[in-house]
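As you go down the protein sequences, you meet chains A and B in turn.
So for the first sequence, the working numbering puts the first residue at 4; every next one is plus one.
So for the second sequence, the working numbering puts the first residue at 196; every next one is plus one.
Hints were generated in silico from the structure; no laboratory data involved.
One should not assume that every hint holds.
Said to hold, decoys possible - Under the rule of at most 20 Å between Cα atoms (straight-line distance), these lysine to any residue pairs were calculated in the SDA-like manner:
# : chain 1 : residue 1 : chain 2 : residue 2
1 : B       : K327      : A       : W19
2 : B       : K327      : A       : L130
3 : B       : K327      : A       : L309
In this text the structure is predicted, and so the values were computed from the model without any measurement.
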Amino acid sequence: MSSLIVRTRRSFSTHWYAWAMVLPVVIVLGVLVGYPLGRGIYLSFTDANEANMGRTIGDFSVPSTYTFVGLENYWNILSGKEGSFYPRLTWTILWTLSCVVLHYGIGLGLAMLLNRRMRGRSLYRVLLVLPWAVPAFVAAFAWKLMYNTDNGVLNALLGKVGVAPVDWLGDPFVQKLSVIAVNTWLGVPFMMVAILGGLQSIPRELHEAAEIDGATPWQRFVHVTLPGLRPVSSTIVLLGTIWTFNMFPIIYLVIGQAGGTESEILVTYAYRLAFQGVRDYAGSAAYGIVILSLLLVFSVVYRGMLNRQEAAK
Amino acid sequence: MTSSTVTGAESAGTTAGARAEETTRPAVRQRGERSRLASAALHTTLICASLVALFPIVFIVLVSLRGENGWTHPMELEGFTLSNYTHLLGKTEFGTWFLNSVVIAGGTMLVGVLIAASAGYAVSRMRFPGHKSLMWTFLICQMFPVAVLIVPLYNILGELRLLDSYGGLIITYCSVSVPFCAWMLKGYFDTIPVEIDESGRVDGLTPFGTFWRLIVPLARPGLAVTMFYTFLTAWSEVAFATSFLSSEGKYTLAVGLQTFVGPHRAEWGLMTASSVLIMLPAGLLFFFAQRHLVAGLTAGGTKG
Numbered sequence: 004m005s006s007l008i009v010r011t012r013r014s015f016s017t018h019w020y021a022w023a024m025v026l027p028v029v030i031v032l033g034v035l036v037g038y039p040l041g042r043g044i045y046l047s048f049t050d051a052n053e054a055n056m057g058r059t060i061g062d063f064s065v066p067s068t069y070t071f072v073g074l075e076n077y078w079n080i081l082s083g084k085e086g087s088f089y090p091r092l093t094w095t096i097l098w099t100l101s102c103v104v105l106h107y108g109i110g111l112g113l114a115m116l117l118n119r120r121m122r123g124r125s126l127y128r129v130l131l132v133l134p135w136a137v138p139a140f141v142a143a144f145a146w147k148l149m150y151n152t153d154n155g156v157l158n159a160l161l162g163k164v165g166v167a168p169v170d171w172l173g174d175p176f177v178q179k180l181s182v183i184a185v186n187t188w189l190g191v192p193f194m195m196v197a198i199l200g201g202l203q204s205i206p207r208e209l210h211e212a213a214e215i216d217g218a219t220p221w222q223r224f225v226h227v228t229l230p231g232l233r234p235v236s237s238t239i240v241l242l243g244t245i246w247t248f249n250m251f252p253i254i255y256l257v258i259g260q261a262g263g264t265e266s267e268i269l270v271t272y273a274y275r276l277a278f279q280g281v282r283d284y285a286g287s288a289a290y291g292i293v294i295l296s297l298l299l300v301f302s303v304v305y306r307g308m309l310n311r312q313e314a315a316k
Numbered sequence: 196m197t198s199s200t201v202t203g204a205e206s207a208g209t210t211a212g213a214r215a216e217e218t219t220r221p222a223v224r225q226r227g228e229r230s231r232l233a234s235a236a237l238h239t240t241l242i243c244a245s246l247v248a249l250f251p252i253v254f255i256v257l258v259s260l261r262g263e264n265g266w267t268h269p270m271e272l273e274g275f276t277l278s279n280y281t282h283l284l285g286k287t288e289f290g291t292w293f294l295n296s297v298v299i300a301g302g303t304m305l306v307g308v309l310i311a312a313s314a315g316y317a318v319s320r321m322r323f324p325g326h327k328s329l330m331w332t333f334l335i336c337q338m339f340p341v342a343v344l345i346v347p348l349y350n351i352l353g354e355l356r357l358l359d360s361y362g363g364l365i366i367t368y369c370s371v372s373v374p375f376c377a378w379m380l381k382g383y384f385d386t387i388p389v390e391i392d393e394s395g396r397v398d399g400l401t402p403f404g405t406f407w408r409l410i411v412p413l414a415r416p417g418l419a420v421t422m423f424y425t426f427l428t429a430w431s432e433v434a435f436a437t438s439f440l441s442s443e444g445k446y447t448l449a450v451g452l453q454t455f456v457g458p459h460r461a462e463w464g465l466m467t468a469s470s471v472l473i474m475l476p477a478g479l480l481f482f483f484a485q486r487h488l489v490a491g492l493t494a495g496g497t498k499g
C-alpha cells in the first residue's frame, strides 16, 4: 500500500509538468465530450423527448419526467422500426464509399499529373485547390442553385445540346448522384494536395533505380509510388472516411428540409429526429451511439488491417 | 514547416533546371520527356479539371452581379449591377451575422489553439503515462457525429443558460477543433529538434518556459496553420449553430444564409452576393495557408 503511494508520488513528481500541460485539453474533452457522451448514452436508454425533458421557463423549473426504457430505442433502430435503419445504412455506406473512392482516385490522378514537370504547373495547382477554400455551406447553396430544375445553369447547358432538363434534386436516385457530385467537387482538392505532398517525399532515386532495372511506368506506379504514399494515404483515407460518414452540411442543405428523407444519411436523420417535429431526444441519441459504434469498429478494423499489412512485409 | 518549404524549393529548382536543359538540347528527347501528344493530353486533362473546379465559383460571382432576378437566366451575360450587394449590406442583417461569425470563430481559434498547443507539446516531448491513450482519444474525437453530442450539449447549455450566446457556441466548437489541433501540432512539434529544448533546460528554463519562450516562437507557422484551420471550421459549421442560436441578431453566416433560401423564399441574388463576400477573405487566407496545412496534417499522421 505504502509502496503504491511512493510510486504514485514519484510518478507525479516526474510527470506533473506533462500532466499540467495536458490538463486543459483533458478538462475540455472531459467536460465537452466525455460528459455529454455519458449523458447521451444515458438518454439513449430513456424515452426522453421535448415534452418530458426538464427545463427552465423564467423562474420556474419543470422537472424531467422521462423514464428508463432499457434497450427499446436500440431495438427500434436495429429492428428497422424507426427511421428505416438498414436502407439508410446502406445508402450511408454507399455515399461514404463512393465519395472516398472518388476523392482519392481523382486526387491521386491529378496529383500524379501535377507532379510532372510542365508549363503552368503552379497555375493549375492554384486553380485546382480553389474549391477547398469554399466553406461547405456556401458550396451547398451554390450547387443547389446550379441544380435548379427550371432556372439552373446545368439544365440550361443541357438544353443547349438538346438534352431534356433533369430533375436534379427531385428524383431520389438522381438526388443521390447530385449530392455525391457536390461532395466530390468539395473534397478532391484536399486529397490532391495531401497526395502531392506525399509524392514529393518519395526519394527520386527509388524511381530512377526502378527505371534502370527496366520497370514499366505501371510497375513503377504500383511498386514504388503507391507504397511510398502509404503513410499519407492511410491517414487521409481514415480521416476522409470519418468526415464523409458524418458529412452534415452538404446533405442537409442541398437536399433541404422539404426534399424527402430517402437521401438522408444517418447523421442528418439523427439530427432531424432531435430538432424537428416532436423532438425525440432519446431516439436521436441512440442513433448517434449506433453511428459512433460503427465508426469505432471501422477504425479498429482499418488499423488492424494496416498493421497486418505492415507485418506481412 | 521546414519539410514543405524544402519540397517547394526543390520542385521550383527542378522546373527551372528542366527548362534550362530544354533550351540547350532541344533535339534530343530526354529520359522522362513527353511526346507532343502526351503533353497535349496532359494539358487538356488539367484544363478540364480546372474548369470543373472553377465553374461553380465563377458562376456564383456572375450571378451575384446580375441583380435580384439575374439567377433566373443563368446563361445570359448582361445587366450587370451591384444592387445585390447594396441591398445585402444596407437592408439585411448580413453585417451582424458576419461580425457574429468573426467573434465566434476568432474566440474558438484563440481558446482552442492555446490549449491544444500545450497538450500537443507535452505529448510530443514528454513520455508520461497516458500519452499514447491521449493521442488515441484525439483521433476518436474526430468520429463523434454531431448527433451524439448535440442533444446533451443542447440540454447542458440550456441549463447553463448559454444557448443563443457566443460563449456557448465557442466552447462547443472547442470540443470539435481541440483534438484535431492537438494532433496536428504534436506532429509539428516533432519536427523541431529536441536539442533546442535541451539547450533551454541547460539555461535553466522550466519545461513550460522552454515551450513558451523557445518552441512557440519557432512553431509560429504551424500555429498559424492550426489557427486558420480552427477558424475555418468554426466559420463554416452548420449543425450546432442552426440548433443553438435562435435570435436573428445572434446568427452566424451559416445560419443566416439559410433564411435567404428557405422553403418559401428564394432570394438567390442575396445568397450569391453573400457567398462571394464570405469566400473572399476565406479564400485569401487559404491561399497562403494551404501548403502548410497539408504538411502539418501529414506530419501528425505519419509520426503518430
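Comparing the hints with the structure gives:
Simply put, K327/B and W19/A have alpha-carbon atoms about 16 Å apart, close enough for the 20 Å limit, and the pair holds. Only pairs whose Cα atoms come within 20 Å are accepted, and K327/B paired with L130/A is rejected, the gap being roughly 40 Å. Annotation: proposed proximity of K327/B to L309/A holds, straight-line Cα distance about 18 Å (limit 20 Å).
Against the hints set out earlier in the document, a violation occurs for number 2 only.
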